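Sequence order for the protein chains is A and B.
Residue numbering for the first sequence follows our numbering, starting at 351 and increasing by one per position.
Residue numbering for the second sequence follows our numbering, starting at 12 and increasing by one per position.
Mixed in with the good hints, there may be bad ones.
Coverage of chain A stretches by chain B, computed from C-beta distances (three or more under 8 angstroms per stretch; other residues unrestricted) [what the hints assert, rightly or not]:
1) 624-637
2) 800-807
Some chain A residues flagged as far from chain B (calculated, every beta-carbon gap over 12 angstroms) [as the list claims (entries may be wrong)]:
3) Tyr533
4) Ile554
5) Thr783
6) Arg797
A few chain B residues that don't get close to chain A, going by computed Cβ distances all over 12 angstroms [claimed, not checked]:
7) Val41
8) Leu45
9) Val65
10) Leu69
11) Leu115
12) Leu118
13) Trp119
14) Arg122
Just so you know, the hints here were simulated from the structure itself, not pulled from any lab data.
None of these values were measured; they are calculated from a predicted model.
All residues carry an ideal CB built from backbone N, CA and C; glycine is no exception.
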Amino acid sequence: MKYWQRKSRQKRENPLYKLVFLLTVLTLLSSSLPLVTRVEYTTLYTNFPLLSSGESVYYVTSKVKISQGNILKVWHFGKIKVYKMMLDTKEVIEISKIALGVFSPEKHKISVMDKPYTLFSTTLTQEDLKQYHRKTSKYLGNGTTVCIIDTGIDFLHPDFFRNDKSVVSCMVSMYFISNSNTYLTWIPEVNGSLEDAWELEQDIYKTYGMYAWMDENGHGTHVAGIIASQGNMGFVGLAPGVDLVIVKAFDKLGVAGLDIVLEALEWVYNNTARYKIRIVNISWGSRGDNRGIDPLSLVIDYMTDKLGLIFVCAMGNSGNVPFTVNIPACARRAVAVGAFDPANRKIAEFSSFGTTVDLRIKPDFVGAGVNIISCKPVTIRSYIEEMYPQVVYNNYYMVLSGTSMATPCVVSVYASYIQKLLTETNTKPSYTTLYNELVKNSEHINRYYKDFISGWGIPLICD
Amino acid sequence: MMNIFRTLKYIGNAFAFTTLVYLAFTFYPVNVPLVILFILVAYDQLEDLLGVKVSGLLVYADIFYELICFGIGAMIAMFGYTYYNYFYAPFHLAIMLSGITIMLTSLWDIREDIVSRSVKPKSKSLEKCFWVRE
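Chain A on its own, in the form it takes in the complex (with noise of 0.2 angstroms):
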């Protein structure tokens, strides 16, 4: 008997088969054309590092020490070393079978992530932020340091006052190098008071056109209201009982290279005992391959487990398209935070969904971040408010939206939480107890598993 005259295949032939073959069929080369187009948004994957024709700036990060080739400069993280380099197709080939992660810098420019919104939506006041992040006000961060690497901070503002004292309690500039060929910083315990330092940054000013610690952009003032606002103008932070350490690595443009945020985690990196910092956040990232190996996704893993470092980074406002997760925020160690909208308690529409390119799940936390109510600079007019007045709530406050702004709520909550378990148990809590803690009490948006859209869910602050 032939195949086709098989009685088991003859039962096979029937005609609905067919039918529904051809229709789905058919349905798919209609409807997946549109689709396709999706493609430009997506993060390309190709077989790293990008290589191009003759030398070129590559950044090899390493713990073996390379001697060959042109190095142009290295920053030190213990035993880890970031060498920016210039290498030919056949050297980069070598050297990457030695080094954790060799990255081309092209098209990778890094920049701040705000979106100016208009008022004419819903106005968010932080009153109604707690009410999505806070249980109550029994633990205010105090005794935590973050550091908030950023575009500097507006430190004359009145809510940066905690009963007459600064909240600062240093600001260190990666753009000016002091006589002592250390960046310039303040400390206003030791330097003097920050009317001081204004008069400093005014001739400083007057000589290069640009501040040393001062906001310029306005987004570093607004992320670190988010957090440490004291509510004298109105409206309290997330945290209120932390002390900051500011990092000004992003120009008025809220833009900087790879080089200057190296140097700015270099500098957090020698500095993290002598000012106990203990959480750092990063609203900040840049898009590119997501697979966690490029100089500053290593670095930030190597820094959690060797200090104890809690690195927030955000997940970037690329669009709610699936592997947008931005540089740093897609590091092993790094807890990735997208934004939803309290207001409606939807995800917002610019968040960036995970997963990585290795299909590793992020973010891991989604925070509030759409029209959220934070300090402005009031000492100088900032970038922001030049380009977006409408943004602009009043005097002393601005309203933005972003994953920038929903990246320092989750800061708030770690701060909240780490203040607890030492209160509880006087001991540092680790990366991996204060996680599990976030995701315990977490508002947990799907019920059953960690997402790539919003991780665990929402970070409530603890009771």
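Please build the complex by placing chain B on the supplied structure of chain A, with the hints as guidance.
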């Protein structure tokens, strides 16, 4: 009765095949190994639709293959559910259902494979050979 189930299974196969090719198109620029897995699983659905059957020791390979399909099906179901949980679009519900379909059809195929290995051969001469499906 069995025919109704079988008909439903074939409809499910066709539906799953569509989704898998669709996802392969979407994921192509992002994660190539995942796309290869999607195509593999899509082939499994096509295999069922065309009535291709395996015998002998290949059955063990087929069981392994079906287990991979089950895993990928679970992943697609989770992917669809995650989206549906936030956006409530019928499209995402369809992807979730398609994932569940892949899981169910692979379980069906594993059952068929096990049954085919459990069937005793009709004649002694066949004992020397690989067992064949009834």
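Results for each hint:
Coverage of the stretch 624-637 of chain A by chain B is violated in this model, with 0 residues showing a Cβ closer than 8 angstroms to a Cβ of that chain against a need of three. Remark: the stretch 800-807 of chain A is confirmed as covered by chain B, as 4 of its residues place a Cβ nearer than 8 angstroms to a Cβ of that chain, reaching the required three. Chain B leaves Tyr533 of chain A outside its interface by the beta-carbon criterion, the shortest separation being 39 angstroms against a cut-off of 12 angstroms. Non-interface status of Ile554 of chain A relative to chain B is upheld: no Cβ of that chain comes within 12 angstroms, the nearest being about 46 angstroms off.
With a minimum CB-CB distance of about 27 angstroms to chain B, Thr783 of chain A clears the 12 angstroms threshold, and the non-interface call stands. For Arg797 of chain A, the requirement that its beta carbon stay farther than 12 angstroms from each beta carbon of chain B is not met, with the minimum near 9 angstroms. Val41 of chain B, annotated as away from the interface, has a beta carbon of chain A within 12 angstroms; the closest lies near 5 angstroms. Non-interface status of Leu45 of chain B relative to chain A is broken: a Cβ of that chain comes within 12 angstroms, the nearest being about 7 angstroms off.
Listed as outside the interface, Val65 of chain B is consistent with that label: its C-beta sits roughly 14 angstroms from the nearest C-beta of chain A, beyond the 12 angstroms cut-off. Consistency note on Leu69 of chain B: stated as away from chain A, and its beta-carbon is indeed over 12 angstroms from all of that chain's, at 18 angstroms minimum. Even its closest Cβ contact with chain A, about 17 angstroms, leaves Leu115 of chain B beyond 12 angstroms, as expected for a residue assigned away from the interface. Look at Leu118 of chain B: its CB is around 20 angstroms from the nearest CB on chain A, clear of 12 angstroms, so calling it non-interface holds up.
Listed as a non-interface residue, Trp119 of chain B keeps its Cβ farther than 12 angstroms from every Cβ of chain A; the least gap is roughly 15 angstroms. In this structure Arg122 of chain B is separated from chain A by more than 12 angstroms, as the shortest Cβ-Cβ distance comes to about 17 angstroms.
Hints 1, 6, 7, 8 from the earlier list are contradicted by this structure; the remaining hints agree with it.
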